[in-house]
Amino acid sequence: MDRDERLSWARRLVRAIEAGDEQAENDAANAIARRQCLRLHAELARIAQELRETLCNVAAAEELARIAHRELPDTHVRLNQVIALTEEAAHSTLSAVEASMPLADAILTAVERYRAEHGVPRSARGKALAALLDGVAASAVELRHRLSDVMMAQSFQDITGQIIRRVAGLVADLEAVIARRQTGRSGGGADGCPSNVGEGPPLSRSGPDVVAGQEDVDELLAELGV
Amino acid sequence: MNIDKSMKVLVVDDFSTMRRIIRNLLREIGFTNTVEADDGSTALPILKAGGVDFLITDWNMPGMPGIELLNAVRSDEKLKHIPVLMVTAEAKRDQIIQAAQAGINGYIVKPFTAATLQQKIEKIFASV
Numbered sequence: 372m373d374r375d376e377r378l379s380w381a382r383r384l385v386r387a388i389e390a391g392d393e394q395a396e397n398d399a400a401n402a403i404a405r406r407q408c409l410r411l412h413a414e415l416a417r418i419a420q421e422l423r424e425t426l427c428n429v430a431a432a433e434e435l436a437r438i439a440h441r442e443l444p445d446t447h448v449r450l451n452q453v454i455a456l457t458e459e460a461a462h463s464t465l466s467a468v469e470a471s472m473p474l475a476d477a478i479l480t481a482v483e484r485y486r487a488e489h490g491v492p493r494s495a496r497g498k499a500l501a502a503l504l505d506g507v508a509a510s511a512v513e514l515r516h517r518l519s520d521v522m523m524a525q526s527f528q529d530i531t532g533q534i535i536r537r538v539a540g541l542v543a544d545l546e547a548v549i550a551r552r553q554t555g556r557s558g559g560g561a562d563g564c565p566s567n568v569g570e571g572p573p574l575s576r577s578g579p580d581v582v583a584g585q586e587d588v589d590e591l592l593a594e595l596g597v
Numbered sequence: 044m045n046i047d048k049s050m051k052v053l054v055v056d057d058f059s060t061m062r063r064i065i066r067n068l069l070r071e072i073g074f075t076n077t078v079e080a081d082d083g084s085t086a087l088p089i090l091k092a093g094g095v096d097f098l099i100t101d102w103n104m105p106g107m108p109g110i111e112l113l114n115a116v117r118s119d120e121k122l123k124h125i126p127v128l129m130v131t132a133e134a135k136r137d138q139i140i141q142a143a144q145a146g147i148n149g150y151i152v153k154p155f156t157a158a159t160l161q162q163k164i165e166k167i168f169a170s171v
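Chains B and H, in that order, give the protein sequences.
Each residue of the first sequence is one higher than the one before, starting from 372 at the first, in our numbering.
Each residue of the second sequence is one higher than the one before, starting from 44 at the first, in our numbering.
The hints are simulated quantities; they were obtained by calculation from the structure and are not laboratory data.
No residue lacks a Cβ here, since even glycine has one placed at the ideal position from N, Cα and C.
Certain hints may be false.
To be verified - Chain B is faced by these chain H residues, among others (derived, beta-carbon under 7 Å):
#	residue
1	Phe-58
2	Thr-60
3	Ala-143
Given the sequences, and given the hints that come with them, work out the whole structure.
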């Protein structure tokens with residue numbers, strides 16, 4: 372309702388009172404009141420919206436508090452369990468490999484000793500046995516290589532362990548941030564890690580600031596004279 | 044090449060599996076005199092006690108990281124001659140440059156192969 376309209380209703384109201392026209396007086400008064408009512412309505416809607424948001428924030432804060440107090444410490448424990456379990460599994464595999472390698476070596480030694488003791492075979496039977504032993508020795512050598520591969524594959528535990536530790540660190544930081552929010556303290560923030568601590572395994576090997584592999588490292592070191 | 048295989052090698056890594064793998068690999072290439080530590084702060088007393096001829100260290104370790112161990116070794120009159128090989132998952136170019144400037148003798152990025160370890164050790168002892 373603009374100014375002219377309001378003036379017009381006000382004049383009609385004055386005229387109606389002067390003329391003693393009750394109906395016209397009511398109409399004019401209602402028209403003016405409706406405007407106030409609309410404004411009030413808008414204000415109420417705004418307050419209702421704010422109330423709703425505040426209630427949601429309270430619910431979110433309670434949810435965050437629950438996560439901070441129960442879920443995050445649990446997550447920390449679970450991540451450490453993963454590290455411990457994979458470490459244990461890797462050690463079991465390494466024990467099996469360490470026990471198996473001497474067996475492969477023993478086979479090789481036995482074949483070599485037999486060859487040394489019996490010299491060049493002359494009979495058909497001796498030649499057949501020599502061929503058999505050649506096969507056994509070759510298998511033992513291959514077995515040793517494979518066992519070495521199994522051993523190297525266990526290095527996954529170090530790399531995944533480093534990654535999981537970083538995630539566990541993030542969880543601890545998050546826990547601290549939420550705890551600070553709960554107690555209303557601000558500022559602080561997690562301590563910045565000094566760069567000397569290390570970055571951990573890279574997320575990707577394709578970035579310009581990361582080496583793609585050992586060849587890149589060798590190239591870079593050669594440039595630096597190492 | 045003639046490397047003295049009886050030399051004492053200190054292997055520093057916070058993961059026991061990696062220390063075990065490296066010591067196994069060293070045994071395979073003939074180095075049987077090995078000791079281990081789980082970070083720089085436990086490695087330094089072993090180094091200072093004397094007798095270590097070669098240091099293999101990780102970078103990222105809680106406590107004292109490998110780069111600081113390297114700095115400590117290079118700034119100690121009695122230790123600074125010890126060849127240092129870094130075996131680490133740290134793969135930033137800047138870090139490799141930092142390690143080179145700190146006086147590293149070799150740098151192996153994880154995951155690595157047995158052949159790479161042998162090759163780098165041979166390279167280090169060919170030049171020292």
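Each hint tested on the structure:
1. Phe-58: holds (4 Å)
2. Thr-60: At 4 Å from the nearest chain B Cβ, Thr-60/H passes the 7 Å test, so the hint holds.
3. Ala-143: Holds, because the Cβ-Cβ distance from Ala-143/H to chain B comes to roughly 4 Å (cut-off 7 Å).
Consistency with the previously given hints is maintained throughout, with no hint failing.
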